[in-house]
Amino acid sequence: MSSLSPALAELAILSSARLAASDYYAPLLDSDDDVLKIGAWCALLDREQVKVEQYRRVVQLAAYGAVQRRAFRFFQSNWEHDLAAEVAAKVTTLPSSARALTMRAELAFDDIAAIEAQRYRFLATGRFDALVTMVNRQEIAAGWRPALPLAIKALILNPHDPIAASLVLDLLYQARETAMLHEVIDLLKQAGLHPYVTLAYAAAVNLAQGNPRAAIKALAQLDAMRPPRPDVFARLQPLALQLNAEAIEALGDYPRAYNAYVALNRLDHGKLVSLDDFRDVILAAAARVVPALLPDANSNHLVMTGFPRSGTTLLENALAAHPRIETFEEIPATASMEMYLHSALRQGASEAQTVTTYLNARERYYDEEMRRHRKPSATIFIDKLPMRSAEAGSMAKLFPDKRYIFSIRHPFDVVLSCFKQNFGRNIAMEHFRSFEGAVKLYDFTMRQWFGVYGLDDPRVHYLRYDALVTEFETSMRATLEFLGLAWDNNVFNFASAANDRGVKTPSYQKVRQGLGLGVQTQWRNYEFLFQSDAARPLYHWAEFFGYPTEPRSS
Amino acid sequence: MAPPLSIKSDLLRPLASFGVVAQGAAVYYRELRNSKDPIIAAGAWCNLLDGRLVSPAMADELLPFCRFAAVRARAFRHFQTMYEHESATRIANMGGASREDAERAAMLAELGGDAAAAALAAGDLFLASGDLSHLETASQKAEAVAGWRGALEWALRPVVIAPLNPLPLQRLYVVLESSGQADLLDEVASIFLSRNLHLPIAQIFAATAALTRGDAASCLAKLKPLDDAKVMANKALVPYLGHIRSLRAQAEEKLKHYQAAYAGYLALNAADRAADVNPEDFFRGIVARGRLAVPALPPERRHDVVQMLGFPRSGTTLLENALNAHPMIETFEEISALNVAIDRIERAIMGKGNADLPAEAYLEARARYYSEIDLLRRKAGASLLIDKMPIRSADATFLGKLFPNWLYIFSIRHPYDVVLSCFKQRFLPNPAMENFRSIDQAARAYDFTLTEWFKHHSMDDAKVHYVRYDDLVTDFEPAMRGVLGYLELDWNNSVLDFSKSAENRAAVTPSYHKVRQGLSIGVQTQWRNYRFAFESEATKPLKNWAEFFGYPTE
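Heads up: the protein sequence lines correspond to chains A and B, in order.
Numbering follows the numbering used here, with no gaps: position 313 of the first sequence is 313.
Heads up, the numbering used here is the position in the second sequence plus 1000, with the first residue counted as 1.
It is possible that some hints are incorrect.
[Stated by the list, open to error] Which residues of chain B face chain A? A few of them, derived with a C-beta cut under 7 Å, are: (1) 1076; (2) 1083; (3) 1089; (4) 1098; (5) 1103; (6) 1108; (7) 1111; (8) 1115; (9) 1117; (10) 1120; (11) 1333; (12) 1340; (13) 1342.
No lab work stands behind these hints: they were computed from the structure.
Glycine included, C-beta positions come from ideal geometry on N, C-alpha and C.
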């Protein structure tokens, strides 16, 4: 086997995954790494492959809850009651409750403590899902690089679990680390492991290497293959459909690509959400009669909005690289406020009481932000949520002086991009499961926003995605000026900074590639979509923003 | 609205909560949270939290229940979802027993053979996790200390906590069915019927009650809608398939439809067959142990352990219960002590690579037998220990080598009745019992076992006291005096009350139901009704054994 990249070197052990468990896990039993050591002993105990000469060692390790409960059952079922008694008497050296630590870490938004709590949980229980959570939390906290070693551990301890394999492969795929992805696929193939999972990611490699035909062929083979488990199928199906659509798009067959994206959007996300619910909630909040409130003292707290896929992630990453700015990405600040208003607003309350309720609600908004505040040098705080523009009506009543940065991109590209993307499910994103739904949401949102704010409102700094990409420094200087901040060269390094942040929205892959990508525009390839009646509302907005709408042919 | 629910039996009082079950989860659990039983109240809170049925006004009332980890984890998530971070913080900082504490308590209870503590530990595990299966475990443990009444108390809790979930009803059914509680079975059925809940399962409860009362026709009428296809198509009913087939067969027998009953028992055995248990392993194990070249061993120093053997369904449970009522005797029913000794011999053989073991290895195995039985001793004042395992007679060759001085009590019953009863009975699957799936198979196992036994022991062997089941039932006191005389113990009147003590013991084998009815049920003989099943070549040896024991075969 050729030598592996240093980051993957530990995976070499997978070449012996076909050996008996006692031989495979042997090198891990004395590992300096607690997770590997305890995980390996748990694996042997679960398989009842502990030898008599290893009994004393097992008793010693029973201070770890994961070993303790398995060792107790193992010794009891082998009628080794004295050893079982010794095991039961062991007092754990771990913190008493991993669950309490997890709670406290969540409250403190402390990712490192949350990961540590999951580590304790693994050592206390030996549960695979603790490892999965560690990988996910680490990725969110600091990006794929520190998450990779954790995913590798999960795979080493569970070499025959396809979910463990997909953890490693997915991290590398999301990070677009094609060379390493290729290495892991080869390694798994040589070890005779996970043909189903490797085939899916082999298609990703093909596509990344500019070979969409090979990707489509691999995906067809995958489709004909029997998935090893239903959960593996459920995990890989969205990826396979997304890759298929992207590969067809890369071949330039846009009508078929559209159909492939339709198939991706049709994936069962569980119970359907009514698209009208979102509109009703927004309109009800906007219609509230809010009494005059005291001025809002938090003038250094701004909102960054627009519409999803309008360049807000790029802008947010660039701004977050500035030492004086702290950004908060997609936090539930208004949700907390609305939850409070829902239970606290009373019919027949006095005006003074109502004012107090709204001021408390405002406090809840800022409380959600400041609970997440971690950057000591920051003086400007930015709440980034592209869909917040739909809440303009209620925001203007509660925060009449609030200032905004608003991203603008060609509405056709915005809607197309939203439709093509596989978003996490929520009441707003549900609209993006069809082209028509995406158009409807875009139109509704822009109507909400421009019903309150004009293009020349001094409270709003409008920023065009195209300008940001083509004239980055000029655009950023203007934005910083709006924020009352001086230029800082760190802003240039946003792409490398984005690499060390977790993928919170689907836009991160592009942001990590920096400005080299240029202006992303695809709508003309899908012009057949924009000639339909469904697309009609978008023409108004394209013209409003001054974007061209004529088809390629004209 | 459903009429008010009146509960006749005090034992079923917890089911009074079903009075409001039709009014929905919010009403049901809001009422149930006031239960004086902390387990039921905690279960109610878990459901209120899972169902998002906790209003802000209930928060103060909820906090004290957060001492239970199951409630604590759910309450934390609830407050976080409501953005009530202060309340979530209070909960995260609360102490209270953790799952680890409960697990340790369960281990210590198991080691100490303390079933009462084990039941409480299982209850604590529920309080730590909210997992209802722990309450079933608690019911099983409680049965060992407090008989069916103790088991019932625990079995009702999950039924009350999850009134719409059919799973917990299985344990409730087993408790009431195995203890022959016709009135309670009927009352549970009528409670479910009155609330339009679990209707087919209620039918099974009612059918069982009818049969327990001797009304076979009513039993069959109630089971009529529950044909196999219907049962198999309903996930909630599948676990009752064996019970339904058993009820049908018993009812047909009661109606003297012996051909139909026989077909019913065959169907029952087909449903119960364990695919992963090989009945041939029983014979192989006996032959292999019989061939061991055990060197001559010194006589045993222990003379306080007597074996009770025979063949399953020969009256050993009756005899064992009667002997256990004697203050100087402690009996052990189907324990693993000899298996431990055998396991140690097998380990030594595997370690050495051949079966040529020195005497020390066998002496160590012998010592392990005694240490295992000593570990299980609970009865202060008992000087004689009786190890009851009827099928062990087949190991006579091996036992003679390892324990040459052992004394035995051996139960004899008409071989046709023994084999018929084994065939009709539902055993827990193991290689020996898997031989009872047909009359022919059971006859072979009987012949094999008795042949093995009488290779080494005659009817006038001084080391064996033979007891005839028929004598035990018809002339109880003389038969028992004979056994006690053999054991060199004085008569004690408590022996006469054995059926009362059996009430408070857990049903370890299928024979308990009969034993609890005392001697009044008389000699149970049925073989003449099933003569047609004893005409095969395979059953011929039974005739020889019947003649050997002096039983009629005409």
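Against the structure, the hints come out as follows:
The closest approach between the C-beta of residue 1076 of chain B and any C-beta of chain A is roughly 5 Å, which is under the 7 Å cut-off, so the hint is satisfied. With a least beta-carbon distance of about 4 Å to chain A, the hint placing residue 1083 of chain B at the interface is held under the 7 Å criterion. With a least beta-carbon distance of about 6 Å to chain A, the hint placing residue 1089 of chain B at the interface is held under the 7 Å criterion. With its C-beta approaching chain A no nearer than about 5 Å, residue 1098 of chain B sits inside the 7 Å limit, and its interface hint holds.
At a threshold of 7 Å, the smallest CB-CB gap from residue 1103 of chain B to chain A is about 6 Å, leaving the interface hint in force. Because the smallest distance between the Cβ of residue 1108 of chain B and any Cβ of chain A comes to about 6 Å, under 7 Å, the interface hint for this residue holds. Because the beta carbon of residue 1111 of chain B sits about 5 Å from the nearest beta carbon in chain A, less than 7 Å, this interface hint is met. Residue-level restraint check for residue 1115 of chain B is violated (minimum Cβ-Cβ distance to chain A is 15 Å; threshold 7 Å).
About 13 Å separates the beta-carbon of residue 1117 of chain B from the nearest beta-carbon of chain A, more than 7 Å, and the hint is not met. With a least beta-carbon distance of about 16 Å to chain A, the hint placing residue 1120 of chain B at the interface is violated under the 7 Å criterion. Nearest Cβ of chain A to the Cβ of residue 1333 of chain B: about 17 Å, over the 7 Å cut. The hint is violated. Because the smallest distance between the Cβ of residue 1340 of chain B and any Cβ of chain A comes to about 4 Å, under 7 Å, the interface hint for this residue holds.
For residue 1342 of chain B, the shortest C-beta to C-beta distance to chain A is roughly 10 Å, which exceeds 7 Å, and the interface hint is violated.
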